[in-house]
Each structure stands twice: as structure tokens, then as C-alpha cells.
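**Q** Assemble the dimeric complex from its two separately framed chains, guided by the hints.
If you read the protein sequences in the order shown, they are chains A and B. All residue numbers for the first sequence refer to our numbering, where the first residue is 1 and numbers rise by one. All residue numbers for the second sequence refer to our numbering, where the first residue is 249 and numbers rise by one.
One or more hints might be untrue.
Stated by the list, open to error - Capping the alpha-carbon separation at 30 Å, the derived lysine-lysine pairs in DSBU-like fashion look like this:
1) A:Lys196 with B:Lys308
2) A:Lys196 with B:Lys305
3) B:Lys308 with A:Lys195
4) A:Lys211 with A:Lys67
5) A:Lys67 with A:Lys2
6) B:Lys308 with A:Lys193
7) A:Lys2 with A:Lys225
8) A:Lys32 with A:Lys67
9) A:Lys67 with A:Lys87
10) A:Lys211 with A:Lys54
11) A:Lys20 with A:Lys219
12) A:Lys107 with A:Lys20
13) A:Lys225 with A:Lys245
14) A:Lys193 with B:Lys301
15) A:Lys193 with B:Lys305
16) A:Lys107 with A:Lys2
17) A:Lys2 with A:Lys20
18) A:Lys87 with A:Lys196
19) A:Lys67 with A:Lys197
20) A:Lys152 with A:Lys20
21) B:Lys305 with A:Lys195
What the hints assert, rightly or not - Anything over 10 Å on all C-beta distances counts as not near chain B; from chain A, calculated:
22) Glu147
23) Thr156
24) Asp169
25) Pro189
26) Ser218
27) Lys219
28) Lys243
Since the hints were made in silico from the structure, they are not lab data. What you are looking at is a predicted structure, and each value in this text was computed from that prediction instead of being measured. Just so you know, even glycine gets a beta-carbon here, dropped at the ideal spot from N, CA and C.
Given next are the chains, with one letter for each unit.
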Amino acid sequence: MKALVSVKRVVDYNVRVQVKSDGSGVITEGVKHSMNPFDEIAMEEAVRLKEKGKLTEIVAITIGGAKNEETLRSALAFGADRAIHIKEEGDVQPLTAARAFAAALKKEGAQVFFAGKQAIDDDANQTGQMVAALLDIAQATFASKVELDGGKAVVTREVDAGLETLEVDLPAVITTDLRLNEPRYLKLPDIMKAKKKPIETVTFADLGVEKGAALTISKTSAPPKRSKGIMVKTVDELVSALKSKGLV
Amino acid sequence: MQNVMGLGLRVLNRVAGLPVVDRLGLRPTTERWIYQASKTGFQAATLAARQFKATQKLLKPARLPRAARPELFDLTPTDDQQALKEAAQSFAMEQLRAAGQQADTDGKASPELLAQAAELGVAILGVPEELGGAGSERSVMTNVLMAEALAQGDLGLAVACLAPTAVSTALVLWGDADQQARYLPAFVGEQPPVAALAVMEPRPLFDPQQLDTTATRSDGGFVLNGVKTLVPRAAEAELFIVAASLDGQPALFIVEAGAAGLTTEAEPAMGLRAASMARLQLGNVSVPATALLGAGAAEVYDECIALSRLAWCALAVGTSQAVLDYLIPYVNERVAFGEPISHRQAVAFAVSNVGIELEGMRLLTYRAASRAEQGQDYVRQVALARRLCADKGMAIGSDGVQLLGGHGFTKEYPVERWYRDLRAVGLMEGVLLV
Chain A
1 MKALVSVKRV
11 VDYNVRVQVK
21 SDGSGVITEG
31 VKHSMNPFDE
41 IAMEEAVRLK
51 EKGKLTEIVA
61 ITIGGAKNEE
71 TLRSALAFGA
81 DRAIHIKEEG
91 DVQPLTAARA
101 FAAALKKEGA
111 QVFFAGKQAI
121 DDDANQTGQM
131 VAALLDIAQA
141 TFASKVELDG
151 GKAVVTREVD
161 AGLETLEVDL
171 PAVITTDLRL
181 NEPRYLKLPD
191 IMKAKKKPIE
201 TVTFADLGVE
211 KGAALTISKT
221 SAPPKRSKGI
231 MVKTVDELVS
241 ALKSKGLV
Chain B
249 MQNVMGLGLR
259 VLNRVAGLPV
269 VDRLGLRPTT
279 ERWIYQASKT
289 GFQAATLAAR
299 QFKATQKLLK
309 PARLPRAARP
319 ELFDLTPTDD
329 QQALKEAAQS
339 FAMEQLRAAG
349 QQADTDGKAS
359 PELLAQAAEL
369 GVAILGVPEE
379 LGGAGSERSV
389 MTNVLMAEAL
399 AQGDLGLAVA
409 CLAPTAVSTA
419 LVLWGDADQQ
429 ARYLPAFVGE
439 QPPVAALAVM
449 EPRPLFDPQQ
459 LDTTATRSDG
469 GFVLNGVKTL
479 VPRAAEAELF
489 IVAASLDGQP
499 ALFIVEAGAA
509 GLTTEAEPAM
519 GLRAASMARL
529 QLGNVSVPAT
539 ALLGAGAAEV
549 YDECIALSRL
559 AWCALAVGTS
569 QAVLDYLIPY
579 VNERVAFGEP
589 ISHRQAVAFA
599 VSNVGIELEG
609 MRLLTYRAAS
619 RAEQGQDYVR
629 QVALARRLCA
639 DKGMAIGSDG
649 VQLLGGHGFT
659 KEYPVERWYR
669 DLRAVGLMEG
679 VLLV
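Pulled out of the complex, with its shape left as it was, chain B reads as follows (with noise of 0.2 Å):
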């Protein structure tokens, strides 16, 4: 038990004691990741140029058998999920926090950030071993640690970094063995392809289970119709995932960037404005009978408007923790009427009340990651999680401006843009899977 809080304690410290780094000089925050260009590189080219296609032959499609099942109910990181944590954490602290301005101001990541982020591997971790990933096991919990850590740097950033997770993430949990050979090699690839998993629909009171966009069956295949909104990255994406309604049901359909009749349209909003939003239209695309992912099946869709909302829940954590870590020194710091504001009452109990609730929303949403884990049934786990971190999430962004006083407000410092981030999670459908 020890041990289990002593690793409790090493995450908090390493956000802590910022002054020690910067006197030692140990990590300057600027570019410290051996920036291979040869290796994973970037090019703004590969769009039109990449061709899916399968390399090797599935006799049946891969999938990760579930993680083991402790005895005993226990919501502690794994060691192994731990060094995955601190890894993941050390990542967003130093690349993503520094960055998250100018992406929120540019609309968009630098593509040197995001190749860094491919680099870091989250979506070689999902994916199973023989096909060329690291993943041994599936593990929601694991994925929802890693959202975590990387929304704790910065949420809109995260997201831009994950999204193509998304897609990896269904094929591997949905696909079938063609659809498995066909895409997933690219994503363990030195250069993953960008992909955006599209649910939301731009219209009032969206309800994922009742969607506008259609799928119609045609000669061989299907053809989809509509728009689908709020789509990260979905200019420069070589892959979507989309959800259609398909005889009267909503369904899965692999649909790749160069369809004729899609079309994209930047869709800049009050948050996530790193993430590079964009509207996606469906005009007759045509799309083969194997685009539809899981068979069309019910509980496949169920699980993927499931498990995404648990990825917000994970976003709406990792950024709330921002904020609390961001605000405890700034309210110790910062002097009025002669003393640091923490002595007084209104601030000191914000500030633990801030604190109570995001270790509310953390528990929540780990028990709804771990009954996903094990296999129980978790979707009234997942509604708690989800209505408490949206409104709970909020709140905090709200209160980290507030307790900053007219600061707050300025952009010189982060809370402003977590706060419109985080108005975000209690939004958005789709997007990531954990």
C-alpha cells in the first residue's frame, strides 16, 4: 500500500517544484525529443499519395485479449501502467503545455508537435503485436490514463494527438480481418496516417442514436449522405471513421479521405481550436459493402458512443488536474491586502472544493474504464462519469479563471483556454475511443 501511495505521490511531484528544474536546468522545456525527420517525418503530401492496402494475409482479425482480472476491486495503476503514465505525463508537461497557446491562436498543431506525438507511440499501444503493434492486452484503463496524461498538458492538443487513436482503436476492436489488414499496418507505420472517427451532426439537442446522415445500399456497397461536425483534423485526414444510419440503425463506415463527394470545411469553436474542428460533407459517397465496420451491429455502435464519452471523461480529468495544479501555488503566491489570497476562506475552500470534485470525476471514470475492462457492464458507470465530469469539468475551468482574478482572463496565462476547452466534454460524441 505504501508503494501504491508512494507512486501517487511521485505524479503529483513531478508537476511540482518547478523552480528546482529550472535552478538545476535539468530539462529545458524547449525541443528535447530526438526529432527524427528521416524517421517518422511529416509530409503535407502523404494525402492523396497513401494507398491502403493489405500486406499480409488474416485468416481471422486480430484482437487483444482482455487484461487480467485482479481479485481484489483496485483502481491503482499497474506498474506498468504507471511508467505508461509518467512517459505519457513527461510528454504533455514539457511539449504540450508549451504549445498550447500557439496552437489555440493558429487553429492548429505544428506538424513537428504531432510527429513528436506519433513518435511517443499511443497508437502503436493499442494495436496487437502481430500486427506490427506493442499492445499485448486491452485495456481501457490504460487508454484512459494516457488521455488523461496528455489532456493534464493541454486538452485541445490531445485531442489533435489522439484522434487517429480513435480510428486505430475501432478497427482493432471492430474490424474485421480484411479491414484489419487493409488499415492498421499504416497506423504502426513511420508515418501514421491522420484519421478522425465522425459522429456529431451539426443540428439542436443531437442525439447519436438518431442520426440524419444516412447509408443506403447500392450495387455492392452503400452510399452516405449528410454532415457530420466538429471532426478533428478532418482537412489533412487520410481516413474517417463515420457514423450513418443505416435502415433505420446507426452504424460504422471506413470511409477514405479521397471518396469522391467528401468534402471538409474548417469549423473553428469556442474550444478545442487546436484540434483543427472542421465540418465533413457526405454527397453520394460511394463507399465497397466492407466499409461497414462490426457488421453493422448495434452493440458495436452502443459501445463506441460508450467508450468515447469515457475518453472525455479521461480528457475532462487530465485538464481539471491542470487546473488545480495550476491554481494551489497561484493562490499561494499571489499577495492581496497584505497576505496570499489562500487565506481567505472563499478561496481556500474553491480551491478544495476543486479539488474534491475532479477526485470524484477521476473515480468515476476509473471505475466505469475498469468494469469496461473486465468485461461488466459499464454504460450506467459511463453516464455518471460523463455527467459529472461536463458539469463538474466546467466548473473547474470556470473557477481556475475566477480565482485567478483579472488574470484569469488574460491569455498570459493557460486557465482561459482550459476553461473553454473544457466546455467541451459534455458536447462532444465521438471523436476518441478509449
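Just chain A, same shape as in the assembly (with noise of 0.2 Å):
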């Protein structure tokens, strides 16, 4: 059973995000990227499928610039067999990216999707769901444990009021929480022989994708500052303080 597994380069987790003056996004020039997070853990699935006999392949794709290559090496050091790169510059919104992943998944007539929840850089939490709707397959968002037998999927996931277990057909969707796994630390050896396996380098396109209408992003903002405090000492101080603020 052969699975298609999404990851994304976002700026690192660890990086102190800054907006840019003009407001028009945030900065990306000379910031350290990584792997989403919850696409590593996605990746930690497969590969942990894979070493249970449950998978036979796994092919992790992409979508973005060259430097998504790096990306894509992170990948197929964790243990990916192959890898898709859909090279296309600049912003791709989530229906772009699901029709493209979606073709993808088509063409590779692979049994299961897997992607993280979400990214970590617009946290749209779309992409996973969208690719199910355009191909009517079965989806299983917020995983926290997920097993393959036959052709079904018994996922459980993490909802509101507590945890949901879905029995889903494949080919399905399934897109990874936080607690699903650990991510192995690549091993340094595993890294060397990722340069070794093949990258397959498509377009648009090469996969008759159209691009999604346009969200436009009308401003990015930082969160606003917390004004410093004051120092009251005494209630009364406190009391007509806050009269004085309209707060009690």
C-alpha cells in the first residue's frame, strides 16, 4: 500500500516571527525554515506504518521554490522512498495546493493521504479536508492514532468534547495531531543516503492543476504590545483606579 505524504517548509517553530513594515506578510528573507511540525509527524506515521508492514511506499511531496528540495531531503532522510517537488514560486493558497495534491494523489494511485492539521505559518487547517472533497474520498482530520488494515483505516481523532474513533474506506485522508507520535531525530547516516533517492520535479501544469480563486491578504498585523502596568498601594488606590478606567 502505497502512501502520499504533504510537507511543508515553514519558517522554524523556534523563530521569533517579525511583520514586515509594509504589513504585506512576514519576514522570510535569512529566516531559518523547517518541515511543519505537524507534517513531521505525519512523515513519523507513514514511516512507523511502514515498518509495521502496513505500507510499502512512501512518497513525500511538495509544493514551493528550490528550497524546498531541503525540504524534501528532510523528508526522505526521516524514510520517504521518493519524493514529488511541484516547483512553483510564490504564494499558494490551500484550494491551489489540494487540487495539486489531489492530482497527485490520483496519478500516483496511492492509498492514503497524509498530512499534518495544519501548517504552522497561516494555520488555514484546509488543505487535508479539501483534498477529500475534490476526490470524494473519506477523510480523518485531528488524528491521535491511526491504523491501517485492509482496506479501511481506523483512525481516532481529537475532538472538542473528547476522542471520536472513525472507521474510514480507503484511499482517505488523514491529517495528524500533536499527540499522535514523536518524531524520530534523523539519523546522520540516514541523511547521507537521502541525497541518493530520487526527486521528481513537476508543475502546475504537468498535473493540469488551475489555481484556486485568489484570497488576497489585505493586512498583517503584530499582535499589540501589553502596555507596562502600574503599581497601586492601597485598595482605595486600586478601586478609584479602575473608576477612573470605567472598569468596575
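**A** Here's what the structure looks like:
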């Protein structure tokens, strides 16, 4: 059974993100990027399933410019067998990404599409669901436990009220949540071996993908700064301060 | 160039911004390794059990070809080196950093941690592919970056993790076909042996060119006599490379731990406690003629000393970076007299000096490594790097303790341990190779 795993290159989770001065977005130049942590969890799950003999092939896929190859190399070092690089520069929105992934999934004939539940850059949380909708296949999102058996997947998902267990027919889309697993450390020799694994480069045109209706970002701004507090000496002073601000 | 700067910034950023990690809960410092006891595992009992024997016949020794030489002088890590460094760093910052204090107190690294480090595969990286390793070229620079990355987590543990690699590296560099075929397969196997390179001797003004340990020729072999000091993980080691004087010239000998007349004695020191340093006594230890490494050539021994000094420089750079990265947020957050202590020039200047000195240490170390890699003469560069790394490494450790005030003195903070460990840099000979 083949799995397609999408991995996105995002600003590293350790970076203190800064908004561009013109408010058009955040600064990504000269900033450390790495694989979206939720996608690492998806990768890890796929590799574990392969180690258990439930999957036979793992194909990592990403959309983006030349630098995204680094992310694919990480995925290959993780344990993907090969990778597909959909080489497109510029902003890619969830619907466009979903169309591309759906086309690739069809082309590859993969039975499972793994993705992180969301990427930590735009936090859209849409792509996985859209892929399922476009292909009219089952979806199990926010997975905290995944079992593959025959033509079915049993997925425990984290929902507001607790845990929900779904049994879905394959092919299916599974998006991974934080508590599914803890991704492994990359082994140094695997990083070297990853250089020899194949990466296929395609474009939206090759996949017959049209860009989805564009959302426009009108403004990006940093969260408001917390203003400095004042110290009061007595309860009376506190009450009168609150009253003067109309808070009590 | 922008990409290069980006890479550099990424490394720095990786270490910064820990609160963000905590908030997202993305990387708990708890066990993250998929630890497969069945696969790598660790056994206390391998010491006596292992039989080193050749599993394949080599026609000639396998060596790694020299790394391609760039046209311009450039100390920027390549993409591969960067990826390897980031992977090693992430292991070091999460696992070694977390385990550092306990290992220091216990005087040893936990077997689980050492097994994880073996799984990371530093040793395999330096062994040629034809012998089952993952190395495609000999890169001193890559090895320096690995040592630096691990020492950024914890110096004592970095030594414990890297000690066996010194022996595999020595075999790759100087072993003949039979020696390689006999010993190297074990290093790329699922349970790599514990091994150590023993050069130092317990006497004042020790000079690695003047050894008291002697090798005398006997029927078809050598007999070794003498005492080696500060040998990492000696008590559990299965294989040693021992420096001894043969016909008045220092040379390297492969000594298996089972050899009669070989005893070890724990020798806890001020620093590097996690590396379980011990004294190695050789009393009439007989080794076969095939134990002599590199045909006893003087160049081999000189290169061994230079590469080990370079390794200690790399460790000093890594741990000094740890000190600097610890200091900056501390002095910005620690408030005294109503403002962060970094507002005081005495503090700010001290921190910036640490940054400047560290960069100098790093550049000298990289330059020596780069020249060694390119086959140019690098003895002078190693000497410069060693002097600076020994002096400034110690000073940076001391400044770290000083700038943390009373906190610096306590074991609640890791800086006092790094200070003790950094004192080893100017003293040590051998132990590691890059």
C-alpha cells in the first residue's frame, strides 16, 4: 500500500516571527525554515506504518520553490522512498494546493494521503479536507491514533468533546495532530543516504492544476504590545484607578 | 550569500526562542527517540563476549577520498554539512543538554543515552561505504562540525559519545586492510563497540612526543608497558588504540580489552565527568605484530596528535557557544537595581567579548580543519587554534560563571559544569579525532 505525505516548508517554530514594515506579510528572508512540525508527525506515522509492514511505499510531496528541496531531503532522510517536488514559486493557497495534491494522489494511485492538520505559518487547516472533498474520498482529521488494516483505516481523532474513533474506507485523507507520535531524530547516515533517493519535479501545468480563486491578504500586523502596568499602594487606590478607567 | 547568511541565522534561531517551543508543546524534552532495544540495544556484557574477526577479505585498505576542493577559500558549511550539523545539534540540545547534569553527578552517561548517540550514527558517517559505513569522502570539517554540535549540548557527554569514533577514524585513516577488515565492521554494526584512544600519561609537563609507555619487540609481536591517563569510558571499552614508544619513536598500537595485563582504574577529574575517565595500566601486555597501526610511521602519530587537538578545539567552540547562548537571555532578563544587568557596561562588554573571542576560536578551528581537509599543511593552524581555544575557552567558562553571579556558582545552572569541562581543552591529548 502506498502513502503520499505532504510536507511543507515553513518558518521554523523557534523563530520569533516579525511582520514586514509595510504590513504585507511576515519576514521570511534570512530566517530559518524547517519542515512543518505537524507534517513531521505525518511523516513519522507513515514511516512507523511502513516499519510495521502496513505500507510498502512512502512518497513525500511538496509545493514551492527551489529551497523546498531541503524539506524533501529531510522527508527522505526520515524514511520516504522518493519525493515529488511541485515546483511553483509564489504564494500557494489551500485550494490550489489541494487540487495539486488530489491530482498527484490520483496519478500515484496512493491509498492514503497523510498531512499535518495544519501548517504553522498560515494555520489554515483546510488543505487535507479539501483534498478529500475534491476526490470525494473519506477523511479523518486531527488523528491521535492511526491503524491501517486491509482496505480500511481506524483513526482516533481529537475533538472538542473528547476522542472519536472513525473507521474509514481507503483511499482516505488522514491529517495528524500533535499527540499522534513524537518524530524521531534524523540519523546522520540517513541524511547522506537521502541524497541518493529520487526527487521528481513537476509543475501545476503537468498535473493539470488551475490555481484556485485567490484570497487576498489585506493586512498583516503584530499582536498589540502589552502596555506597562502601574503599581498601586492601597486597595482604595486600586478601586479608584479601576473606576477612573470605567472598569468597575 | 544571502542563503549562506540564512543558514547561519537558522542555526542561531534553532537555539533561541525556547518559550515558543514550550507554548506549542511541539518538542517535549522527554524521550523522542524511537528507541529500539532490539535493534541497537545495549548490553553490559559485550565486553568479554565480542570476538573481533574479519568478515570480509580486503585487497587493500579502504580510505575515503579527499573532499572536493572549492575554488574559493570558504568556511561556510555545505548544504550536507548544514543538514548533518542541524541533526546533530537537535539531538545535542534536547538529549545531551537534558542529561548533562545527571551524567556529571553520576560520573557516567546512561547506557540508553549512549545507545541513542550510537544510533545517531556519527561513527558510521566516517567509515567508507564499502565497509558498511555511510562515508563517501574524508571530511575533517564535517567531523569538526559534529564535535562542535554535540559539545553545544554538553561537553562531557560529547566526549563520551565521540570516544569510540576516534578509534574508528584512526582505523579508517591508518589501518591496513587486515586491521580494517577485523575491526571496522563492528563499528557499523548494530551494537558498535566502546573504544578509546589513549595517548596521555600521568606526569607533569606531559609531551605526547616523549612517551614513558614502551613497546618492545618480542617473538612475532610487541610487549607494552606503561600507564595511560584520562582515557574515556576505559572500564567498559572493548578496544583501545594506545600510544607507546617503539625504538624511541612514538607509535600507535591496537589493543583489545581482553588482553592479559591490561587493567583500568577510575580516575574522576574536575571536568568531563560524564566521560567516565579512567587510568589504563599496561603490565607486560602482549599484542601481535599486526597491532601496530600505520606501520609505526612518525607522520601517522603526528597527524593523530594534530587531529585530536583540533577535535578539542571543536569541542571548546561548541561549549563556548552554549555559554554565550545561555548568557545573552540571562543578562537581558536578570534585573538588578531596577533594570536588566545587561544595561551595565561591565556586563555588556563582557558578553560581547565572549562573542568576539568565540568567533575567533571558531575561525581558527575551521581554518585548520579546512586546510587539513584539503591536504595542506595545518600544523601551525592547529597550534594557533589550540592556544586560543584553551585560553579563551577557559576564560569564557569563567566569565559565564561570573556573569550569572551567585547563580553561576550553583549546580542549578549548567554553566559551572561547562566551566569545569572547558578547563580540559588545553590539557587533553588524544581521546578524540576529527
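**Q** Does the claim that A:Asp169 lies outside the interface with chain B hold up, using a Cβ gap greater than 10 Å?
**A** holds, 30 Å
**Q** Sort out whether B:Lys305 lies within 30 Å of A:Lys196, counting only the CA atoms.
**A** holds, 27 Å
**Q** Sort out whether B:Lys305 lies within 30 Å of A:Lys193, counting only the CA atoms.
**A** holds, 25 Å
**Q** Just to be careful, I want the Cα atoms of A:Lys67 and A:Lys2 compared with a cutoff of 30 Å; is the pair within it?
**A** holds, 26 Å
**Q** With a cut-off of 30 Å on the C-alpha distance, tell me whether B:Lys308 and A:Lys195 pass.
**A** holds, 28 Å
**Q** With a cut-off of 30 Å on the C-alpha distance, tell me whether A:Lys107 and A:Lys2 pass.
**A** Answer holds: A:Lys107 to A:Lys2 is near 12 Å, not above 30 Å.
**Q** Just to be careful, I want the Cα atoms of B:Lys305 and A:Lys195 compared with a cutoff of 30 Å; is the pair within it?
**A** With a Cα-Cα distance of about 29 Å, the restraint between B:Lys305 and A:Lys195 holds, given a limit of 30 Å.
**Q** CA of A:Lys20 to CA of A:Lys219, is that 30 Å or under?
**A** holds, 10 Å
**Q** Need the status of pair A:Lys193, B:Lys301: alpha-carbon distance at most 30 Å?
**A** holds, 27 Å
**Q** Given the proposed pairing of A:Lys211 with A:Lys54, does the C-alpha separation stay at or below 30 Å?
**A** violated, 34 Å
**Q** So if I understand the rule, the pair passes when the alpha-carbon distance is 30 Å or less; does B:Lys308 with A:Lys193 pass?
**A** holds, 25 Å
**Q** In terms of Cβ atoms, is chain B entirely out of 10 Å range of A:Glu147?
**A** Holds: least Cβ distance 18 Å, greater than 10 Å.
In terms of the numbered hints stated before, the structure departs from hints 7, 10, 12, 17, 20 and 25, listed from lowest to highest.
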